[in-house]
Amino acid sequence: DVKVTQSSRYLVKRTGEKVFLECVQDMDHENMFWYRQDPGLGLRLIYFSYDVKMKEKGDIPEGYSVSREKKERFSLILESASTNQTSMYLCASSTLTVTRDSTDTQYFGPGTRLTVL
Amino acid sequence: QKEVEQNSGPLSVPEGAIASLNCTYSDRGSQSFFWYRQYSGKSPELIMFIYSNGDKEDGRFTAQLNKASQYVSLLIRDSQPSDSATYLCASYSNTGNQFYFGTGTSLTVIP
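Taken in order, these protein sequences are the chains called A and B.
In terms of our numbering, the first sequence is numbered consecutively and its last residue is 110.
In terms of our numbering, the second sequence is numbered consecutively and its last residue is 190.
Bear in mind the hints are in silico, worked out from the structure with no lab data behind them.
Wrong hints could be hidden among the right ones.
[Stated by the list, open to error] Straight-line C-alpha distance at most 35 Å; calculated DSBU-like pairs for lysine-lysine:
| # | chain 1 | residue 1 | chain 2 | residue 2 |
| --- | --- | --- | --- | --- |
| 1 | B | LYS135 | B | LYS81 |
| 2 | A | LYS63 | A | LYS50 |
| 3 | B | LYS146 | B | LYS121 |
| 4 | A | LYS63 | B | LYS146 |
| 5 | B | LYS121 | A | LYS63 |
| 6 | A | LYS46 | A | LYS11 |
| 7 | A | LYS48 | B | LYS121 |
| 8 | A | LYS11 | B | LYS121 |
| 9 | A | LYS6 | A | LYS(-4) |
| 10 | B | LYS81 | A | LYS11 |
| 11 | A | LYS63 | A | LYS46 |
| 12 | A | LYS6 | B | LYS146 |
| 13 | B | LYS146 | A | LYS(-4) |
| 14 | A | LYS46 | B | LYS121 |
| 15 | A | LYS64 | A | LYS(-4) |
| 16 | B | LYS146 | A | LYS11 |
| 17 | A | LYS50 | A | LYS11 |
| 18 | B | LYS81 | A | LYS(-4) |
| 19 | A | LYS6 | B | LYS135 |
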């Protein structure tokens, strides 16, 4: 059974704090992704990684950084949290390239609802 | 222009009816298409995927793909209240190695 886990379901932080969101997958997937999801805006890609120590900016990387030191773990870092970063954060993983195999898709973690006060 | 466009709804159907959800995409290089269901406060879960033109059926769900029109749809037959959720359409292209998501269509099945 595929599994993507995230370190926290709910998190409350104060403006200016450094925030770490952790994601772990046990499927030996090459790709890992961080999205944020806001009402009316859908899923927006923050960063993704296709290999250890590799990272690519997504659509909204400003104010975020990422770290991938091990294949199974992908961390999202908010260097100095701001109220406009209050959101649902979703981690996902997938194989390197999606083929016609039914298992080749993107699997999501349960999400972290972050509130920045 | 967004890569994947969906009508945000809300869409309401009575229990037992057919719900029809639609999606268009802009990248002709997109090869794979996915439908995810997302309950309120939960993460998306895959319910259907389709690669070839035509229809693909899985239980009460049918996905339809028309590459010429760049159109993907999801039909839910015999809709149940438990089908009430937001449905996300997604595309994937090997060239970008990224998934592109629509903003989702909210479906409510009325008992």
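Are the Cα positions of LYS63 of chain A and LYS50 of chain A separated by 35 Å at most? Since the Cα atoms of LYS63 of chain A and LYS50 of chain A sit roughly 19 Å apart, the hinted pair holds (cutoff 35 Å).
35 Å Cα cutoff - pair LYS46 of chain A, LYS11 of chain A: Holds, because 21 Å separates the two Cα atoms, which is no more than 35 Å.
So if I understand the rule, the pair passes when the alpha-carbon distance is 35 Å or less; does LYS81 of chain B with LYS(-4) of chain A pass? 30 Å, holds
Is the Cα-Cα distance between LYS6 of chain A and LYS135 of chain B 35 Å or less? Violated, because 45 Å separates the two Cα atoms, which is more than 35 Å.
Straight-line alpha-carbon gap LYS121 of chain B to LYS63 of chain A, limit 35 Å: 27 Å, holds
Is it true that the CA of LYS146 of chain B sits at most 35 Å from the CA of LYS(-4) of chain A? 32 Å, holds
Taken at face value, is the distance from the CA of LYS146 of chain B to the CA of LYS6 of chain A at most 35 Å? 46 Å, violated
What's the verdict on LYS50 of chain A and LYS11 of chain A, does the C-alpha distance respect the 35 Å limit or exceed it? Roughly 20 Å between the alpha carbons, so the hint for LYS50 of chain A and LYS11 of chain A holds.
Does the alpha-carbon distance linking LYS48 of chain A and LYS121 of chain B stay inside the 35 Å limit? 26 Å, holds
Below or equal to 35 Å on CA atoms is what counts here, so check LYS63 of chain A against LYS146 of chain B. Distance ~38 Å between LYS63 of chain A and LYS146 of chain B Cα, so the pair is violated.
Are LYS146 of chain B and LYS121 of chain B close enough, with their CA atoms no more than 35 Å apart? 31 Å, holds
Is the Cα-Cα distance between LYS63 of chain A and LYS46 of chain A 35 Å or less? Answer holds: LYS63 of chain A to LYS46 of chain A is near 8 Å, not above 35 Å.
Hint compliance for this structure: hints 4, 12, 16, 19 are broken, all remaining hints hold.
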